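Student: Following the hints, complete the assembly by docking chains B and C onto the known chain A.
From first to last, the protein sequence lines are chains A, B and C. According to my numbering, the stretch in the first sequence is residues 1 to 341, in order. According to my numbering, the stretch in the second sequence is residues 1 to 341, in order. According to my numbering, the stretch in the third sequence is residues 1 to 341, in order.
Simulated from the structure, these hints should not be mistaken for laboratory data. None of these values were measured; they are calculated from a predicted model. Do not rely on the hints blindly, as some may be mistaken.
In this list, chains with the same sequence are indistinguishable; a pair is considered to hold if it fits within one copy or across any two.
[Unchecked claim] Derived lysine-lysine pairs resembling PhoX-like cross-links, with alpha carbons at most 20 angstroms apart: (1) Lys167 to Lys95; (2) Lys167 to Lys194; (3) Lys280 to Lys191; (4) Lys95 to Lys2; (5) Lys191 to Lys167.
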Amino acid sequence: MKQFSLANIAEYLKGRLSGDPALLVSRIMTMEEAAPGDLAVVFDARAAARIRESQASAFVLPMETDSMAENRIQVARPRQALIQLLHLFYPEPDKTPLIHDFAVVSPQADLGTGISIGPGAIIENGVIIDDGCQIHANVCIGQGSRIGEQTEIFPNVTIYPGTIIGKRVRIHGGTVIGSDGFGYLALDPGKLEKIPQVGCVEIGDDVEIGANCTIDRATLGATRILSGVKIDNQVQIGHNSEIGQHSIIVAQSGISGSVRMGAHCVLAGQVGVSDHVELKPGTMVGAQSGVIRDIGPGRWAGYPAMPVIKALRAYHLLPELPDLHRRVRELERRVNEIKGE
Amino acid sequence: MKQFSLANIAEYLKGRLSGDPALLVSRIMTMEEAAPGDLAVVFDARAAARIRESQASAFVLPMETDSMAENRIQVARPRQALIQLLHLFYPEPDKTPLIHDFAVVSPQADLGTGISIGPGAIIENGVIIDDGCQIHANVCIGQGSRIGEQTEIFPNVTIYPGTIIGKRVRIHGGTVIGSDGFGYLALDPGKLEKIPQVGCVEIGDDVEIGANCTIDRATLGATRILSGVKIDNQVQIGHNSEIGQHSIIVAQSGISGSVRMGAHCVLAGQVGVSDHVELKPGTMVGAQSGVIRDIGPGRWAGYPAMPVIKALRAYHLLPELPDLHRRVRELERRVNEIKGE
Amino acid sequence: MKQFSLANIAEYLKGRLSGDPALLVSRIMTMEEAAPGDLAVVFDARAAARIRESQASAFVLPMETDSMAENRIQVARPRQALIQLLHLFYPEPDKTPLIHDFAVVSPQADLGTGISIGPGAIIENGVIIDDGCQIHANVCIGQGSRIGEQTEIFPNVTIYPGTIIGKRVRIHGGTVIGSDGFGYLALDPGKLEKIPQVGCVEIGDDVEIGANCTIDRATLGATRILSGVKIDNQVQIGHNSEIGQHSIIVAQSGISGSVRMGAHCVLAGQVGVSDHVELKPGTMVGAQSGVIRDIGPGRWAGYPAMPVIKALRAYHLLPELPDLHRRVRELERRVNEIKGE
Numbered sequence: 001m002k003q004f005s006l007a008n009i010a011e012y013l014k015g016r017l018s019g020d021p022a023l024l025v026s027r028i029m030t031m032e033e034a035a036p037g038d039l040a041v042v043f044d045a046r047a048a049a050r051i052r053e054s055q056a057s058a059f060v061l062p063m064e065t066d067s068m069a070e071n072r073i074q075v076a077r078p079r080q081a082l083i084q085l086l087h088l089f090y091p092e093p094d095k096t097p098l099i100h101d102f103a104v105v106s107p108q109a110d111l112g113t114g115i116s117i118g119p120g121a122i123i124e125n126g127v128i129i130d131d132g133c134q135i136h137a138n139v140c141i142g143q144g145s146r147i148g149e150q151t152e153i154f155p156n157v158t159i160y161p162g163t164i165i166g167k168r169v170r171i172h173g174g175t176v177i178g179s180d181g182f183g184y185l186a187l188d189p190g191k192l193e194k195i196p197q198v199g200c201v202e203i204g205d206d207v208e209i210g211a212n213c214t215i216d217r218a219t220l221g222a223t224r225i226l227s228g229v230k231i232d233n234q235v236q237i238g239h240n241s242e243i244g245q246h247s248i249i250v251a252q253s254g255i256s257g258s259v260r261m262g263a264h265c266v267l268a269g270q271v272g273v274s275d276h277v278e279l280k281p282g283t284m285v286g287a288q289s290g291v292i293r294d295i296g297p298g299r300w301a302g303y304p305a306m307p308v309i310k311a312l313r314a315y316h317l318l319p320e321l322p323d324l325h326r327r328v329r330e331l332e333r334r335v336n337e338i339k340g341e
Numbered sequence: 001m002k003q004f005s006l007a008n009i010a011e012y013l014k015g016r017l018s019g020d021p022a023l024l025v026s027r028i029m030t031m032e033e034a035a036p037g038d039l040a041v042v043f044d045a046r047a048a049a050r051i052r053e054s055q056a057s058a059f060v061l062p063m064e065t066d067s068m069a070e071n072r073i074q075v076a077r078p079r080q081a082l083i084q085l086l087h088l089f090y091p092e093p094d095k096t097p098l099i100h101d102f103a104v105v106s107p108q109a110d111l112g113t114g115i116s117i118g119p120g121a122i123i124e125n126g127v128i129i130d131d132g133c134q135i136h137a138n139v140c141i142g143q144g145s146r147i148g149e150q151t152e153i154f155p156n157v158t159i160y161p162g163t164i165i166g167k168r169v170r171i172h173g174g175t176v177i178g179s180d181g182f183g184y185l186a187l188d189p190g191k192l193e194k195i196p197q198v199g200c201v202e203i204g205d206d207v208e209i210g211a212n213c214t215i216d217r218a219t220l221g222a223t224r225i226l227s228g229v230k231i232d233n234q235v236q237i238g239h240n241s242e243i244g245q246h247s248i249i250v251a252q253s254g255i256s257g258s259v260r261m262g263a264h265c266v267l268a269g270q271v272g273v274s275d276h277v278e279l280k281p282g283t284m285v286g287a288q289s290g291v292i293r294d295i296g297p298g299r300w301a302g303y304p305a306m307p308v309i310k311a312l313r314a315y316h317l318l319p320e321l322p323d324l325h326r327r328v329r330e331l332e333r334r335v336n337e338i339k340g341e
Numbered sequence: 001m002k003q004f005s006l007a008n009i010a011e012y013l014k015g016r017l018s019g020d021p022a023l024l025v026s027r028i029m030t031m032e033e034a035a036p037g038d039l040a041v042v043f044d045a046r047a048a049a050r051i052r053e054s055q056a057s058a059f060v061l062p063m064e065t066d067s068m069a070e071n072r073i074q075v076a077r078p079r080q081a082l083i084q085l086l087h088l089f090y091p092e093p094d095k096t097p098l099i100h101d102f103a104v105v106s107p108q109a110d111l112g113t114g115i116s117i118g119p120g121a122i123i124e125n126g127v128i129i130d131d132g133c134q135i136h137a138n139v140c141i142g143q144g145s146r147i148g149e150q151t152e153i154f155p156n157v158t159i160y161p162g163t164i165i166g167k168r169v170r171i172h173g174g175t176v177i178g179s180d181g182f183g184y185l186a187l188d189p190g191k192l193e194k195i196p197q198v199g200c201v202e203i204g205d206d207v208e209i210g211a212n213c214t215i216d217r218a219t220l221g222a223t224r225i226l227s228g229v230k231i232d233n234q235v236q237i238g239h240n241s242e243i244g245q246h247s248i249i250v251a252q253s254g255i256s257g258s259v260r261m262g263a264h265c266v267l268a269g270q271v272g273v274s275d276h277v278e279l280k281p282g283t284m285v286g287a288q289s290g291v292i293r294d295i296g297p298g299r300w301a302g303y304p305a306m307p308v309i310k311a312l313r314a315y316h317l318l319p320e321l322p323d324l325h326r327r328v329r330e331l332e333r334r335v336n337e338i339k340g341e
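So that you can see chain A by itself, here it is in the shape it has in the complex:
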C-alpha cells in the first residue's frame, strides 16, 4: 500500500499545510466513507462544515475555508487537487505489452508497438492498431478497422468492420460500434425491405464511450463522434448522426439518425432526439427531455423540449391541473350566476 506524508502531498499539490507534516496517509476517500489513515478532499464550504463527522486523518480544503481540521492542506482548486491525488495514489499499473496466446490476430492485421491484446480477442484482417493500444479480452475488431494510438477497449466490445477510431479513446465493456443503421423501405405494402448499410463509424481523439452503448454505421458516408466527446453507459446513436466536439451525453439517451449536434452540447440522462434534428453548439438538454425539432443554444428541457425556464414553470404547474380545472368550473358557475343563467 502506497503511503505519503502530508508534507509530500502539500508540496505535490502546491498547497498550504497546517498540522503534522510527517503524518502518513494511504488512501483518498470521501469524507463520509473515510477511516483513520485516510485523506479526504472537501470541495466547498458547505461540505467543510461536516468535517467533524468524518473519521479522515487529514483533509484537503479550499483555500478560503475557515475550517478547524487539525491536519489540512489548503488549495486553490480542490477538484483539480482530487484528480492529481488520484493519479498519485492510484497510478495506472505498468502493463507489459502482451499479445495473449488465446487472442486470434489475423496475419493481415498491422500492429504497432507496445500493444496488449487479451485472450479471446479477435482481430480480423486489414485491421490497423497503432502503438500503445490495449485491447482487452473477448473484444472483436472487424476487418479494415483502424484504432489510434493509446486507445483502450474493454472486454466484450464489438467493433464492426471498417470502423475508424482515434487516439486515446476508451470504450467500455459490451459496447457495439458499427452495427447496421435501422433503415427499411416498405416497397410492397406491409413488407419491409432492408436498405443496405454500407457506411461506417468514425470516432475522433480523446473520446470516452461507456458500457453497453450502441453506435450505428451510416447508410452512406459516416456516423461521426468528434474529438473530446464523452458518452455515458447505454447511449444509442443512430446512423449518419454527428456529435460535436467535447459534447457530453449522459446514460440511456438516444440520438436518432441524421442528427447534427454541435460542439459542447450536454444531454442529461434518458433524453431522446428525433431524426434530422439540429442542436446548436452549446445546447444543454435536461434529463428525460424529448427534442423533436431544431433547438439551441442555451438550456432546454421537457417534452417537447422548450427553454428550461418555461419547462420548469410548466412542469411545476402540471400537478396543479386538477385544481385549475376546479377553479375554471367555479368561475363558470359564478359567471352563469351573474348572467342569471
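Tutor: The following block gives chains B and C in isolation, referenced to the frame of chain A:
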C-alpha cells in the same frame, strides 16, 4: 419427459384433489397455451371463469373457487404452488463441475470446489471464486474480484477488476459491472479532464441482475447493491449509488450517481433518478417517472415525481388541456361582455 | 474499386438517362457528402433543388423532376433504386464457409452445410444450425437451440438454451435472447422468491434485431417475435409477450411482460408498454410515449398514450400552463370585482 399423477401432485402441494387421481400430466402451462396432458395453474376467480376455454387436462385452483373443472387440485396459495410445481417439473439439471480447456484461468486465481467455468471465460489473477459457482462462456472477471458461493454468471458478462459479489447471485448475459463512473472536470474552458474512478462495486447476497445492465464503479469507495435486490434488464446504476435491500428495479430504469435508495423500494420500468437523490425505504415509483428530489415513502409517479394520486389526476387531465383553454377563452369573452368591454 | 458507367446503371435501374452514358462512377453517396466521381440518389423535388450544391458527378432523380443536373438517370421510385444500387456497388462478399479452430462446437450439435462459425463461438450440445448460417466470433448458443437457414448472428451475442430462431434472421452484436423473465413472488413479507422461468423465446423468419437488445424467455410457453419484425438497438421485450408480423420497434423501447402487439405496429424510440396490454394491428405509437392500457389501431402518442391529434394539442399547450394560470387568476379577480367581493 417427466410425468406425475394428480395424486402425487396433490400430496406434494398439500392440496385437495377432485377427479381422477391416476391422471398423468407432463407439463405445467398457462391456461391459454395448455394442450391435453398439461396441468394449468389458475390464480384467481376471474381467471377460473375461463377454465372451459382451456385444453389443459387438469387445473390447480384457489381453495375458494367454485369452478367446475373435472380434474382439479385446490390449494390455499396458487402462486406459491406454481413455483413448487416448476421446481418439481423442471428441476435444475445436475451439472458436473468442469473447468473447460478453453477457459483462461490465471494460476494466481483462487478457486473453490464444485466450480464450472465455461469455454472462453477469462479469470484474471487474484480473483477468488467460492464453492459451487457457475461461470458461463466468455465471461471476463477482472483481477482481484471476489465471487461468493453458488453464484451464477451467464455468458458474455464483464466484471471489471476489484468487484465484490455475494452468494447465490445471478448475473445475466451481457451485463457490465464495474466500468468507470461518468466523472469529468471542465478545468480548461470546454476541455474535460477525466476524474480517475478508483472505487469499486459491491453486490450483496441473493441479488439477481438482468441482461445488458451496467453498474458503474465508485469514484472513491463503493457503488453498493445490497442483499436481495432484483434488477431487470438494461438497468443503469451510476457511481457511488446504493440500492437498499430487497429493492426491485424494472427494465431500462436509470439511477444516476450518489443516489441513496432505501430497502424495499420498487422502480417500475424506464424510471430516471437524478444524482444525489434519496428514496426513503418502501418508496414505489411508477413507470417512466422522473425522480429529481428526495421522495418517499409511499407511491409516486410522473415528472417530476409526485404522490401517485396527484399524478393520476394530473395526467388524466393533460389530454383535456385544449378544452380547458377553450373554456377559459369563453369565460374571458363572457366577463368582457358583462363588463361591457 | 468497382466502377459502372451511367449507361450500365440506367439499364440496371430501367431509368431514363441524360448526359454522358460513358461516365464512370465508383461510389453511391448522399448529395451532401458526395465527391467528384460519385453518384448521388435524390428522393424528391425538395432535395433536387439543392443539386447544384453537390459535388456528385451524376444523379439518380425522380421521374417527375425538372432538375437541371447534366448527368442524370430518372427513375420512378428513387428509394427502391437506392437499394438496388447499394446491392450493385456493395455486394455481400462471398464468404468461404469456415468453422474456426477456436470455435467450441459440441459433437452433439447438428450443423448443416455452408456454415461459418467464428473464433470463440460456443455451440452447446443439441443445437441445430441450418444451412448457410453465419455465427460470428464469441457468440454463445445454449443447448437445444435451433437456428434457421441463412441466419446471421453478429459477435458477442448470447442465445440462452432452448431458443428457436427462424430463417434469414439477423441478430446484431451484444444482444441477449432468452434470459430469465423478471418474475418474483413476495411470499414472506419483504423477501422475494424467484419464479423459475422455464419457457423459451421463438423468433420467426426475416426478423432483424439490433445491437444490445434483450428478449426474455417466457415463464411458461414462449415469448414470440413473429416473422418480418424489425427491432432497433437496445430494445427490451419482456417474458410471454408477442410481437406481431412486420412490426417495427425503434431503439430503447421497452415492452413489459405478456404484451400482445398485433401485426404492422410501429413503436417509435423510447416507448414504454405496460404489462398485459394489447396493441391492435396497425397501431403506431410516437416516441417516448407510455402505453398503459389497450390501444389502437391508428396513431397514438404521449403519456398516457392518447390519439395523436389529442396528444399534439395537449403537449402543445403544456408550455402555456403558466399563462393559463395567470388568466384564470385574472378572471377570478374580475369576477370578484363584478360581484363586489
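Student: It remains to establish, for every hint, whether it holds in the given structure.
Tutor: Hints versus structure:
no.	hint	result
1	Lys167 to Lys95	within (18 angstroms within a copy, 32 angstroms between copies)
2	Lys167 to Lys194	between (34 angstroms within a copy, 15 angstroms between copies)
3	Lys280 to Lys191	between (37 angstroms within a copy, 18 angstroms between copies)
4	Lys95 to Lys2	within (18 angstroms within a copy, 44 angstroms between copies)
5	Lys191 to Lys167	between (43 angstroms within a copy, 16 angstroms between copies)
In the structure shown, no violation is registered for any of the earlier numbered hints.
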